[in-house]
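Go ahead and model the full structure; you've got the sequences and the hints to work with.
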Amino acid sequence: MSIAKRNSRLSAIAGALATLAAVPARADWSLLNMPRGVSELSREIYDMHMIMLWICLAIAILTFGAMAVAMIRFRKSRGAVADTRMLHNARLEAAWTIVPVVILIGMAIPSVEKLIKIEDTTGSQLTIKVTGYQWQWHYEYLDSGVAFFSRLARSSDRARQLGSGIDPNTVDNYLLDVDHPLVVPTGTKIRVLLTANDVIHAWWVPAFGMKRDAIPGFINEMWIAVDKDKPGTYRGQCAELCGADHGFMPIVVIAKPKAEFQAWLAQQKAAQS
Amino acid sequence: MSTAYGSGTAGHVAHHGERPRGLGRWLTTTNHKDIGTMYLVFSLTMFFVGGTLALLIRAELFQPGLQLFNPGFFNQLTTVHALVMVFGAVMPATVGLANWMIPLQIGAADMALPRMNLFSFWLLFFAFVLLISSLFMPGGAPAAGWTLYPPLVLQSGSAFPMAVFSIHLMGASSIMGAINVIVTIINMRAPGMTLLKMPLFTWSWLITAYLLIAVMPVFAGGVTMLLTDYFFKTSFFNAAGGGDPVLFQHVFWFFGHPEVYIMILPAFGIVSEIIPTFSRKPIFGYEAMVYAIASIAFLSFIVWAHHMFTVGMPLAGQLFFTLSTMLIAVPTGVKIFNWTATMWRGSLSFEPPMLFALSFLFLFTIGGFSGLMLAIAPADFQYHDTYFVVAHFHYVLVPGAVFAIMGGVYYWLPKWTGHRYDMELAKWHFWLTTIFVNVLFFPQHFLGLAGMPRRIPDYATQFADWNMVSSIGAFGFGLSQLLFVWLIVKCARGGAPATAGVWDWPHGLEWTVPSPAPYHTFEKAPELK
Ligand code: HEM
Ligand SMILES: [Cu+2]
Ligand SMILES: [Cu+2]
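Top line first, the protein sequences correspond to chains G and Z. So for the first sequence, this note's numbering puts the first residue at 1; every next one is plus one. So for the second sequence, this note's numbering puts the first residue at 1; every next one is plus one.
By construction, these hints were calculated from the structure, which means they are not laboratory data. Here the structure is a predicted model, which is why all the values come from computation and not from measurement. A portion of the hints provided could be inaccurate.
Stated by the list, open to error - Cut-off 20 Å, straight-line C-alpha distance, at most; resulting in silico cross-link-like pairs (SDA-like, lysine to any residue): (1) K129(G) x G312(Z); (2) K490(Z) x N438(Z); (3) K427(Z) x Q481(Z); (4) K76(G) x W505(Z); (5) K117(G) x K490(Z); (6) K189(G) x W505(Z); (7) K197(Z) x R85(G).
To be verified - Rough simulated footprint, nothing fancy, chain Z against chain G, three-plus residues with beta-carbon under 8 Å: (8) 148-161; (9) 165-174.
The C-beta atom is built at its ideal place from N, Cα and C for all residues, glycine as well.
Right under this line is the structure:
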């Protein structure tokens, strides 16, 4: 094991301790937590996740604290004598039934708002149809007819064969690279239609916040919108077990400013016709 | 059978000392203690079989790249691992405990239906012979995950019907076991033991048994439809023939969610026995505990689609399943708080059963928190089908169900064998198990949040560190379990004699019979004060 690798492993363990102690902000936070992502939805989902995390942490501190106090204060070895008449307490029990209900309602309300927004695919400016195959994706820009398959990059595919002898660390974006990435415009509400040709797959790019199943014989929909100021390359994977090569059908999306996207689309169209 | 007490009094072959010795005894016994022991030994064996499969999986995941298996075989490993752990290790362990302890806890001479009891054990045994041998058949075991989703599962090889038949057998066996538990509890309680005087372990099993009877037939129906789709082109789940693949997911999870409570409710029951004993104080809020189990059982029927938020349900459906799922946290919270209150102003000591129960209390609650997070549909769009889910369900199943079962074994083992066991060794087992289970599963939360999907044999290099940590935890956990076996074998063979009460503050009928519990107990119903 190289020193650098060993160091990174040590820092990973230190990182775990840091999170356990709820000390925020570490250099590679991205290996420990959900990404905030590059769209409004992904940030809202991230916020929802963090709210839940903090609430759970707060409840955990209270309940684990009470358990710890009981374990320390009421030890037989310290001479504690059991109060065998403490059988129930209607007020207390009502309180710990009602208070959680209130907290849960508090959690539920923002999630309702977010769900309504997530499910609202109206007003989209571009529609892309995604079809899952064993084991590749097919993309089709419904408005312009541009369509192509997207499969695992050759470099990863060679390295991932059983006993290939190729060290995955030497492959760029191992398992997260494709031959033909999907290209989308930034700052645009894009409707994604999902279906599959053989078995169920699921299309997921963590930076966009959304995941949805691609089901043979049915068409699902969802929407994504990459921030205007966040062009870039975003990676994801098939997220529903779809057979032997389920782990080997990545998704790569390149988000370009609108004008560049239009130019790219026109070029593709010319090439295909 | 002429009377409810048939097996204990009617004098069949296995009565008083005339019982056959050696193998014959185990093949023909109808004694609830023998059958309980067989279930427990079977479960422990399956725990090691499923554990070996898990270690093979973790060995492949130790590093990025494929070193050991083809991806297709890897998928068979995860599928069989899960089926073995769920149906072969956890469920039979709780059935074994039920067989041993329910008659002792309610003052009955035996289970109500002893022959069916034996039949259901052997059905289970052969179900697993079929399932495990399918790994070695042409085409291999099913590889679509234990959730068996079509259309993928319909691509299985020619051993597929064997796996389905094995599930049918497991289901039939569970249903018989459940009927037996219900009939026993309803009809054979000692005079004076009203329902609301029953020990909580018995209560938890009564409710679990109703869950089993309600959902196992649904699962059996579902897999039968898979079989007809596979052989007779029925198209239940094939859109091209007018069917719907998602229908299977609804059927599966209508079974599957109650199934997770089938595994955890008996665990709740065990913990509710252990904590009072080592707090030297009766359970706090007994009735609330019973009602909490009952409400969890009821709610478990109306939350199933929280496993399916990404299939594209209507908005109203997503809202309903988010809210109903969150509601389950309320009765679950009541249980956690009542256990804590039981310890409050108690006189606590930390023998091995209590250590496992306390570890359960902390770690099951962590699984409960991640469950609450998963219930929030918008957040679940990110969590779904990632290692975050793997971490969640392992926290509720391993330090949840499995720890409670181990605690139960440490609690009742002296009653079964008549010997005290090696406390030092048990504490070593406890600490190693608790530490490694966290090394194994905690980092999987990070992996899932950072974007690693589940059910993959290979992963991108940024996930390498935590996978390595997790695999190290897995091997530590697996090896630590050898101590458990060694301890049990030692205790079965000999040791200081245990008293009838075994513990400082025994409560309940099981502690009024000598240790080891005689072959026949409560032939005359005990008097309850
Ligand atoms: C020795 C301890 C265990 C280890 C190391 C272990 C490891 C694993 C691994 C690596 C997976 C595959 C995850 C994936 O690729 O999606 C898995 C899946 C699973 N395990 Fe375990 N596990 C252990 C114990 C248990 C127990 C005790 C249970 C149940 C009572 C259980 C139930 C499951 C289930 C239901 C799955 C899902 C399988 C599927 O994706 O269909 N595991 N486990
Ligand atoms: Cu796929
Ligand atoms: Cu569920």
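Comparing the hints with the structure gives:
1. K129(G) x G312(Z): 15 Å, holds
2. K490(Z) x N438(Z): The given pair, whose Cα atoms are some 28 Å apart, is violated under the 20 Å limit.
3. K427(Z) x Q481(Z): 12 Å, holds
4. K76(G) x W505(Z): 12 Å, holds
5. K117(G) x K490(Z): Cα-Cα ~61 Å, so violated.
6. K189(G) x W505(Z): Answer violated: K189(G) to W505(Z) is near 66 Å, above 20 Å.
7. K197(Z) x R85(G): 17 Å, holds
8. 148-161: holds (count 3)
9. 165-174: holds (count 6)
Checked against the numbered hints given earlier, this structure breaks hints 2, 5, 6; the rest are met.
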